[in-house]
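**Student:** Protein chains in written order, with this note's numbering: chain A, 1 to 333; chain B, 1 to 333; chain C, 1 to 333.
Certain hints may be false.
The list treats identical chains as interchangeable, and a pair is accepted whether it falls inside one copy or across any two copies.
[Unchecked claim] Under the rule of at most 30 Å between Cα atoms (straight-line distance), these lysine-lysine pairs were calculated in the DSSO-like manner:
#	residue 1	residue 2
1	K19	K191
2	K19	K139
3	K325	K89
4	K161	K19
No lab work stands behind these hints, which were simulated from the structure alone.
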Amino acid sequence: MFPLDQWYVAAFAWELTDKPLARTLLNQPVVLFRAGGQAAALADRCCHRHAPLSCGTVETPGIRCGYHGLLFNATGECVEIPGQANIPKTACVRAYPVEERNHIVWIWMGNSLPTRPAPEHPWHDDPAYAFKGDVYHYKAPYQLIHDNLLDLSHLGYVHVKTIGGNAKIHVNAEMAVTKGPDWVKVVRHMKDSQPPPTYLEAWPFEGRIDRWQEIEFKVTYFLIWTGGMDAGSGDLADPARPGFHMRGFHGITPETETTSFYFWTISSNRNPARPDMVETIHKASAFTFDEDRTIIEAQHANMERFGEAPMVGILVDAAPNRARKIVERLTES
Amino acid sequence: MFPLDQWYVAAFAWELTDKPLARTLLNQPVVLFRAGGQAAALADRCCHRHAPLSCGTVETPGIRCGYHGLLFNATGECVEIPGQANIPKTACVRAYPVEERNHIVWIWMGNSLPTRPAPEHPWHDDPAYAFKGDVYHYKAPYQLIHDNLLDLSHLGYVHVKTIGGNAKIHVNAEMAVTKGPDWVKVVRHMKDSQPPPTYLEAWPFEGRIDRWQEIEFKVTYFLIWTGGMDAGSGDLADPARPGFHMRGFHGITPETETTSFYFWTISSNRNPARPDMVETIHKASAFTFDEDRTIIEAQHANMERFGEAPMVGILVDAAPNRARKIVERLTES
Amino acid sequence: MFPLDQWYVAAFAWELTDKPLARTLLNQPVVLFRAGGQAAALADRCCHRHAPLSCGTVETPGIRCGYHGLLFNATGECVEIPGQANIPKTACVRAYPVEERNHIVWIWMGNSLPTRPAPEHPWHDDPAYAFKGDVYHYKAPYQLIHDNLLDLSHLGYVHVKTIGGNAKIHVNAEMAVTKGPDWVKVVRHMKDSQPPPTYLEAWPFEGRIDRWQEIEFKVTYFLIWTGGMDAGSGDLADPARPGFHMRGFHGITPETETTSFYFWTISSNRNPARPDMVETIHKASAFTFDEDRTIIEAQHANMERFGEAPMVGILVDAAPNRARKIVERLTES
Numbered sequence: 001m002f003p004l005d006q007w008y009v010a011a012f013a014w015e016l017t018d019k020p021l022a023r024t025l026l027n028q029p030v031v032l033f034r035a036g037g038q039a040a041a042l043a044d045r046c047c048h049r050h051a052p053l054s055c056g057t058v059e060t061p062g063i064r065c066g067y068h069g070l071l072f073n074a075t076g077e078c079v080e081i082p083g084q085a086n087i088p089k090t091a092c093v094r095a096y097p098v099e100e101r102n103h104i105v106w107i108w109m110g111n112s113l114p115t116r117p118a119p120e121h122p123w124h125d126d127p128a129y130a131f132k133g134d135v136y137h138y139k140a141p142y143q144l145i146h147d148n149l150l151d152l153s154h155l156g157y158v159h160v161k162t163i164g165g166n167a168k169i170h171v172n173a174e175m176a177v178t179k180g181p182d183w184v185k186v187v188r189h190m191k192d193s194q195p196p197p198t199y200l201e202a203w204p205f206e207g208r209i210d211r212w213q214e215i216e217f218k219v220t221y222f223l224i225w226t227g228g229m230d231a232g233s234g235d236l237a238d239p240a241r242p243g244f245h246m247r248g249f250h251g252i253t254p255e256t257e258t259t260s261f262y263f264w265t266i267s268s269n270r271n272p273a274r275p276d277m278v279e280t281i282h283k284a285s286a287f288t289f290d291e292d293r294t295i296i297e298a299q300h301a302n303m304e305r306f307g308e309a310p311m312v313g314i315l316v317d318a319a320p321n322r323a324r325k326i327v328e329r330l331t332e333s
Numbered sequence: 001m002f003p004l005d006q007w008y009v010a011a012f013a014w015e016l017t018d019k020p021l022a023r024t025l026l027n028q029p030v031v032l033f034r035a036g037g038q039a040a041a042l043a044d045r046c047c048h049r050h051a052p053l054s055c056g057t058v059e060t061p062g063i064r065c066g067y068h069g070l071l072f073n074a075t076g077e078c079v080e081i082p083g084q085a086n087i088p089k090t091a092c093v094r095a096y097p098v099e100e101r102n103h104i105v106w107i108w109m110g111n112s113l114p115t116r117p118a119p120e121h122p123w124h125d126d127p128a129y130a131f132k133g134d135v136y137h138y139k140a141p142y143q144l145i146h147d148n149l150l151d152l153s154h155l156g157y158v159h160v161k162t163i164g165g166n167a168k169i170h171v172n173a174e175m176a177v178t179k180g181p182d183w184v185k186v187v188r189h190m191k192d193s194q195p196p197p198t199y200l201e202a203w204p205f206e207g208r209i210d211r212w213q214e215i216e217f218k219v220t221y222f223l224i225w226t227g228g229m230d231a232g233s234g235d236l237a238d239p240a241r242p243g244f245h246m247r248g249f250h251g252i253t254p255e256t257e258t259t260s261f262y263f264w265t266i267s268s269n270r271n272p273a274r275p276d277m278v279e280t281i282h283k284a285s286a287f288t289f290d291e292d293r294t295i296i297e298a299q300h301a302n303m304e305r306f307g308e309a310p311m312v313g314i315l316v317d318a319a320p321n322r323a324r325k326i327v328e329r330l331t332e333s
Numbered sequence: 001m002f003p004l005d006q007w008y009v010a011a012f013a014w015e016l017t018d019k020p021l022a023r024t025l026l027n028q029p030v031v032l033f034r035a036g037g038q039a040a041a042l043a044d045r046c047c048h049r050h051a052p053l054s055c056g057t058v059e060t061p062g063i064r065c066g067y068h069g070l071l072f073n074a075t076g077e078c079v080e081i082p083g084q085a086n087i088p089k090t091a092c093v094r095a096y097p098v099e100e101r102n103h104i105v106w107i108w109m110g111n112s113l114p115t116r117p118a119p120e121h122p123w124h125d126d127p128a129y130a131f132k133g134d135v136y137h138y139k140a141p142y143q144l145i146h147d148n149l150l151d152l153s154h155l156g157y158v159h160v161k162t163i164g165g166n167a168k169i170h171v172n173a174e175m176a177v178t179k180g181p182d183w184v185k186v187v188r189h190m191k192d193s194q195p196p197p198t199y200l201e202a203w204p205f206e207g208r209i210d211r212w213q214e215i216e217f218k219v220t221y222f223l224i225w226t227g228g229m230d231a232g233s234g235d236l237a238d239p240a241r242p243g244f245h246m247r248g249f250h251g252i253t254p255e256t257e258t259t260s261f262y263f264w265t266i267s268s269n270r271n272p273a274r275p276d277m278v279e280t281i282h283k284a285s286a287f288t289f290d291e292d293r294t295i296i297e298a299q300h301a302n303m304e305r306f307g308e309a310p311m312v313g314i315l316v317d318a319a320p321n322r323a324r325k326i327v328e329r330l331t332e333s
């Protein structure tokens with residue numbers, strides 16, 4: 001149903017406080033908490049009477065059930081049963097490998113141990129950048145969100161008010177699609193185009209701009225690098241090009257087959273002339289991603305209403321279709 | 001499940017504005033809109049990725065999907081795919097025959113083409129009459145609404161405050177039931193009776209009245225002609241009799257097997273002595289039909305709670321039972 | 001699914017007014033009402049068209065359906081059909097045996113007649129005591145409430161703010177469990193302990209107290225006699241011991257397999273020094289039972305989320321397990 005041997009985003013670091021956080025991930029209810037400062041994740045069910053551990057309290061060395069007081073450490077071992085000295089070996093709950101990197105808490109839901117470290121996202125810790133984000137809940141399956149992010153031709157119809165702009169520019173953009181065994185990359189260039197409303201608010205452009213979108217699908221998350229520079233002021237092929245850079249992080253974690261979590265941040269390079277740009281970008285992004293959620297949830301509800309029916313393919317489906325093939329292969333294996 | 005080769009009410013004319021209207025009819029999600037002023041109905045699903053067309057925009061010559069911008073005309077043909085010149089033949093959605101007559105938008109949900117024009121309801125356009133109405137959503141199957149309208153003995157129990165009056169008058173009314181292959185007609189006369197509260201508010205009666213109810217079941221809608229005249233002032237057999245006439249239109253369109261739309265209007269003959277009578281009647285009717293909805297939804301919920309169980313028949317079931325036989329025959333054929 | 005040949009609490013006496021009361025009990029929708037002052041219970045479905053009788057009106061000699069006006073007496077016999085003289089023998093609904101004792105309305109849901117009178121609860125009518133209570137709806141199966149009430153070790157974790165107190169005191173209390181064919185009794189003594197917050201508010205204790213909890217499981221209800229006296233001021237084995245006595249009544253009636261009603265009262269012996277003690281105790285009890293409901297509903301939701309999985313038993317499960325065996329035997333028989 002889902003690719004299992006992957007690092008998925010479980011939470012942002014700032015979501016883990018002194019209270020437990022309950023979150024169902026890939027159909028598995030999980031409780032997230034900090035044990036001695038370290039992020040930890042257990043199956044969200046006491047082994048005694050199945051009360052959710054997330055109704056309990058975070059205590060040294062882990063989490064205590066709020067019903068009969070059993071205490072578990074970060075490896076899921078029960079270390080105290082009130083009223084009895086002897087703790088049975090079977091008194092334990094499943095622990096999930098967790099890594100916290102660059103303000104992101106990653107979880108490994110696979111049945112085997114992690115085969116590689118969790119991904120990095122250095123822009124969250126880069127002093128040249130500032131970032132802000134949020135967690136959205138979707139009443140839609142994760143792959144519909146993949147489709148959406150891999151086909152930015154929808155910007156001209158769904159997001160006219162923020163990052164979209166003229167529809168013709170988007171559908172006629174120069175586009176290159178490349179791929180590997182577990183990634184797809186779409187690069188789109190829109191030279192000499194009119195900056196969309198959010199760009200104008202966030203950056204002091206002089207006039208028309210050379211605009212780029214670099215979308216990387218990495219199975220459980222996307223890196224979407226968008227931005228623009230004054231037309232002709234740099235080379236779109238040079239990563240160190242000047243102008244306005246937005247480094248989007250988009251973690252997409254299935255909650256169930258039909259619902260998902262969408263963890264997003266936008267990191268943007270600072271510009272002294274626009275001290276409020278992080279807030280400006282955050283507000284516009286939140287509005288934009290709400291628009292996406294609205295159409296994707298409507299799409300999903302419609303698919304449920306109509307049941308199975310053929311879909312007519314069009315040209316912009318190329319990259320989404322590649323991503324679907326990768327997910328299909330990783331799910332089977 | 002439903003008689004298919006019928007004209008059903010899809011909407012009132014005033015519901016179709018410059019925005020698309022989404023409505024599931026007979027289990028089929030439909031989008032209604034005006035293409036160049038003409039009412040049109042398509043399956044509410046883009047053929048590309050199944051987004052609801054009702055989330056899109058009404059544009060010449062039809063409706064544009066709000067996700068990737070495909071444009072469809074009123075016959076369901078895709079006439080534009082952004083970003084590509086070639087439009088595949090398969091890029092189309094189902095169109096439904098629609099007729100707009102007397103402020104009612106009728107739709108033909110059958111698999112074959114309409115075999116007859118949509119019904120007329122001339123009182124909506126008769127200057128001697130004024131009308132007002134509404135659309136109600138029912139959490140109950142359409143046949144429970146048929147039962148209700150064909151057995152007006154419930155007026156004395158459910159509608160005491162408006163159009164009911166003394167229960168004994170209703171259950172003892174003179175009643176004649178006639179029928180044809182696709183209609184049932186119930187005529188009830190209650191001579192020399194006390195006018196119910198709504199009649200008194202709407203019309204300047206002198207005292208006791210001769211009252212009539214003529215209920216025609218026409219498979220997908222009812223015509224319910226009720227009213228009263230000063231006792232002895234006319235002949236109940238003469239359609240041109242004087243007094244207070246209410247021409248009720250009641251379109252009942254299944255949404256699903258267990259939910260329905262109820263489109264109703266009351267047209268009443270104007271009386272200069274009561275300039276507010278349309279509002280008076282509308283308010284009382286809305287209150288009355290809310291009472292019906294409450295008991296019918298409770299009845300349906302109860303049938304679901306208890307499951308299958310025998311029903312004990314009583315005399316007033318005669319007309320409802322005939323209507324059920326007609327629906328059964330038309331559904332099988 | 002449920003032990004059937006039992007008296008279950010259907011309502012408190014004060015819930016039966018001049019309006020019908022609808023309540024699903026053991027999966028069977030029931031309408032409760034007073035016929036000539038006497039509590040009565042019928043299947044909540046008119047035999048004509050299955051409308052809920054609870055939408056009707058209480059009339060001599062019973063209840064009249066609010067749709068077509070059929071009138072039923074307290075034995076479920078139809079005694080009037082408007083519009084027809086002849087009443088078919090089949091026009092009747094199921095009546096349930098009901099007994100009203102000590103402000104409690106008991107119902108017998110079994111297929112055979114009651115084999116014994118309904119239970120007494122004399123403290124509701126004892127002038128030395130005052131009582132107050134409420135009805136709670138639970139989104140959880142009844143046996144999870146049994147488990148909760150039979151294992152008061154949870155007081156130290158769930159109810160710290162009211163009747164709990166130090167967790168160690170509870171888990172280390174002296175405990176004796178006895179049982180019969182259809183009862184389980186748990187007696188716990190906590191000598192020389194600190195009175196919990198609610199005790200201090202309700203009773204003028206001098207300092208530390210000898211505290212008792214006597215919990216009797218009686219299949220469809222619990223008697224929970226708790227209280228305390230100034231340490232050393234009496235004998236915990238003597239029922240006439242002095243101090244603060246709370247006689248809890250806890251009727252637990254399944255609504256469905258997964259939802260329940262919880263009828264509770266607390267009767268406490270009056271103390272002139274604390275005129276408000278009934279209100280104090282009621283408020284604390286309501287707060288406490290809300291805490292129980294929260295954790296039990298979370299436990300149930302979690303069991304549904306995770307599906308079947310083994311549970312690890314601990315020592316405090318002894319009494320709950322005995323109660324489960326009794327219910328199992330009574331359900332099979």
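**Student:** Checking an output row: K325 and K89, CA cutoff 30 Å. Within, between, both or neither?
**Tutor:** This pair counts as between: shortest inter-copy Cα distance 26 Å, intra-copy 43 Å.
**Student:** With identical chains treated as interchangeable, where does the CA-CA distance between K19 and K139 reach 30 Å or less: within a copy, between copies, both, or neither?
**Tutor:** both (26 Å within a copy, 25 Å between copies)
**Student:** From the Cα coordinates, with 30 Å as the cut-off, is the pair K19 and K191 best called within, between, both, or neither?
**Tutor:** Neither way: K19 and K191 sit 49 Å apart in one copy and 35 Å across, limit 30 Å.
**Student:** Given a CA cutoff of 30 Å, do K161 and K19 count as a within-copy pair, a between-copy pair, both, or neither?
**Tutor:** This pair counts as between: shortest inter-copy Cα distance 19 Å, intra-copy 38 Å.
Checked against the numbered hints listed earlier, the structure breaks hint 1 alone; every other hint is satisfied.
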